[in-house]
Amino acid sequence: MNVRGGGLLLGLAFALIGSTSLAGAARAETIEMSTWQAEEGGFGVFWKESIAAFEQAHPDIDINVVQIPYGEYINQLTIRFASGRAPQLIELPSEFMGIFASQNWFAPLDERLAGTPIDSEWAAVQSEMKWDGKTVGSLVMGGAYVLFYNEALLAEKGVKLPTSYEEFLASIPKLTDREKGIFGLSSVTAQHPTVALDIMRTLHWSGVKLIDGNEYKLTSPEAVAALQQYRDIRKANSALGADSSMSRQLFIDGKSAFMIDGPWVYSSVGEAAPEVRDNLKIMQTPFRVAVGGAVNSMHIASTATPEQQDAAWEYVKFISTKEWQQRWAELTVSPPAMQGIVTPDLIAKQPMLEEISKARADVVSAWPDNQGIRSNLNEFRSILTNAGLRLLSTEEPAEAIAQETQAELERAFPLK
Amino acid sequence: MAYSEATPITAAGQARKPVLRRAARTQFFALVLMLPAFIVIIAFLAYPLLKVVDLSFRVGSTMNFLAISEQPYGLDNYVRALTSRDFWSSVKVSGLYLAGSLTVSFAIGLWSALLLNNRMPARRWVRTIILLPWAVPGVVAAIIFTWMFDGSYGFINAVLRAAHISEADTAWLMDGSTALWGVIMPTAWKAYPLITLTILAALQTIPEDLYEAASIDGANRFQLFRYITWPGIISATLVSLLISALWISMDVDIIFGSTGGGPADATATLPLFIYDEAFQYFRMGVASASGVMMMLAVAAISGLTLTYVDRQKF
Chain A
1 MNVRGGGLLL GLAFALIGST SLAGAARAET IEMSTWQAEE GGFGVFWKES IAAFEQAHPD
61 IDINVVQIPY GEYINQLTIR FASGRAPQLI ELPSEFMGIF ASQNWFAPLD ERLAGTPIDS
121 EWAAVQSEMK WDGKTVGSLV MGGAYVLFYN EALLAEKGVK LPTSYEEFLA SIPKLTDREK
181 GIFGLSSVTA QHPTVALDIM RTLHWSGVKL IDGNEYKLTS PEAVAALQQY RDIRKANSAL
241 GADSSMSRQL FIDGKSAFMI DGPWVYSSVG EAAPEVRDNL KIMQTPFRVA VGGAVNSMHI
301 ASTATPEQQD AAWEYVKFIS TKEWQQRWAE LTVSPPAMQG IVTPDLIAKQ PMLEEISKAR
361 ADVVSAWPDN QGIRSNLNEF RSILTNAGLR LLSTEEPAEA IAQETQAELE RAFPLK
Chain B
1 MAYSEATPIT AAGQARKPVL RRAARTQFFA LVLMLPAFIV IIAFLAYPLL KVVDLSFRVG
61 STMNFLAISE QPYGLDNYVR ALTSRDFWSS VKVSGLYLAG SLTVSFAIGL WSALLLNNRM
121 PARRWVRTII LLPWAVPGVV AAIIFTWMFD GSYGFINAVL RAAHISEADT AWLMDGSTAL
181 WGVIMPTAWK AYPLITLTIL AALQTIPEDL YEAASIDGAN RFQLFRYITW PGIISATLVS
241 LLISALWISM DVDIIFGSTG GGPADATATL PLFIYDEAFQ YFRMGVASAS GVMMMLAVAA
301 ISGLTLTYVD RQKF
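So the protein sequences, as listed, match chains A and B.
With our numbering applied, the first sequence corresponds to residues 1 to 416, in that order.
With our numbering applied, the second sequence corresponds to residues 1 to 314, in that order.
Read the hints as simulated data drawn from the structure, not as lab findings.
Every residue gets a Cβ at the ideal spot worked out from N, C-alpha and C, and that includes glycine.
This list has only true hints and no planted wrong ones.
With the C-beta cut set under 7 Å, the calculated list includes, among others, these residues of chain A facing chain B:
no., residue
1, Ala-239
2, Asn-378
3, Ser-393
Taking the hints into account, I'd like the entire structure generated from these sequences.
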């Protein structure tokens, strides 16, 4: 190669580097988004697809996904916020919103929401995104817990689908067959926060209020009876010592007849053996109230710069379109936040979507509507979890457990 | 100028620098070489320790770590911890857990050390197998034993059923009276190899002729152990028990991975209480105060043990 050719090559190389730098300079904003779902079935696919499409539509914004395992999610996020290294965009299990909102870690979104589909077409539980009168999040997924059932096990024992909570409780013992290793109910019965959720659901479905006015009512005869029923049903009809993974696996393996869980768990049914899979169905809980509410939500960190907050908001707006809400429903088999978009085409692809997307106007949140409790939900759940575990692992009278638990609640979360 | 024997004279008639200055230079050089280690110790040990002690006296609740230094000093965190029912429950559980784990691991460790001290076929293989639990991570041990103790599908219940001892689906880890043993077993299983190795090393330093002489004098097996073996291994035993106790008292991965501190705090040790206070309820001050008190207690017990060990003579 002669000098002229070499010079030409060198010039070309510099031009290439320069153009790359220019392209880099055009990417004005990089934001971090935290989630626990980056590798989780249909959810992971949705986040990957939507972020790739968003970055293509917005070449000046990069989104780096930070995957944090669910078991450590809240702790890790709290540490990151507390040490000033929070991600700019946060997907969050909505029940924990209070922990972060009470520290003013989430940016208010009221002005941004005006005129968007989130403001007009979102599920009613979007209202749970308010804290101190400001909207601090956008609902990603909401709805009610559903009743999973194994059609074959019910048919084998001649048990019909329940039409009330009482019928449901009565049918469980008929389905338990310990000789065959079959449990009437898949339930979390180990030291796990879902035990607290189970206790709250039991109270709701038994028609009992935990808090009435300015008083805890856990020691009322109705509440004590509900706790005793919780104990009797699970001790006799559930595998003891099972955490949420084990209880779901039992159902997927065809070893339990009923399970109450979020509709998003249905996407795991695909892992069931072929001879079991077709028997696993879901239905809306036929109980006096639908318990659920906001499940997952998106939030923007108040510690982010204004430019980062704008960039984060652009992504939230991007996935709030009808196209991406339908894609969410299709990929995750979970209720989208936008109402009325589950079409016959979607149902043809995912038949269970029809049951899942039925909105019930009377959906109530499992957790009390009390900011003190919501801002320290971990401790509240810990108190109830311990009560549940005492019911399951000891023979102490339910009344005594209820009294001690109420005393702990009154000390930790005084209502007056 | 006065010259001493230690002061050599050069050809030019001048005295070399005295030896004392060379010694000082050598010492200084040694200090400089140790400086990186000092920096590491201060950065990773002393400084975090000081911060934890400082945090334990900061009163008030905040989750903003950057603003903690603005909080006033006080004793509220210590008062809260010492008046907490959960704190004392976790201290009691810690004591039982430690005592149970040390007893079982010492019994297995002593037995296996005495076994390995004998000449037998495939001794090296037996030694390797006996030491294997040491290599297993705590979480893996927790998972293995959780499966073994499972009420519905566990190995223990299957064995009891096959032996016609019990037909019940006993949920060992779900019963408050058996759950603690359910975490003591995997802990002892992981802890005994260290005790085995330490005692075995001590056994091999005991002269054989002591046993021969005692046998000739008519000593039985128990007397041989009581008057020769035990005095020979007691120091090593105490050190290995101390190290094991330090590890067990701080260990959370086995309990975390199996019972999570349940059922209903039946296996919630003090480290778990501290973890919950810090990362579940975000009460960093109370967690730090509990940690400081635990550290002082462990330091006191260690100091007493080591003092006793120093006084042992064989």
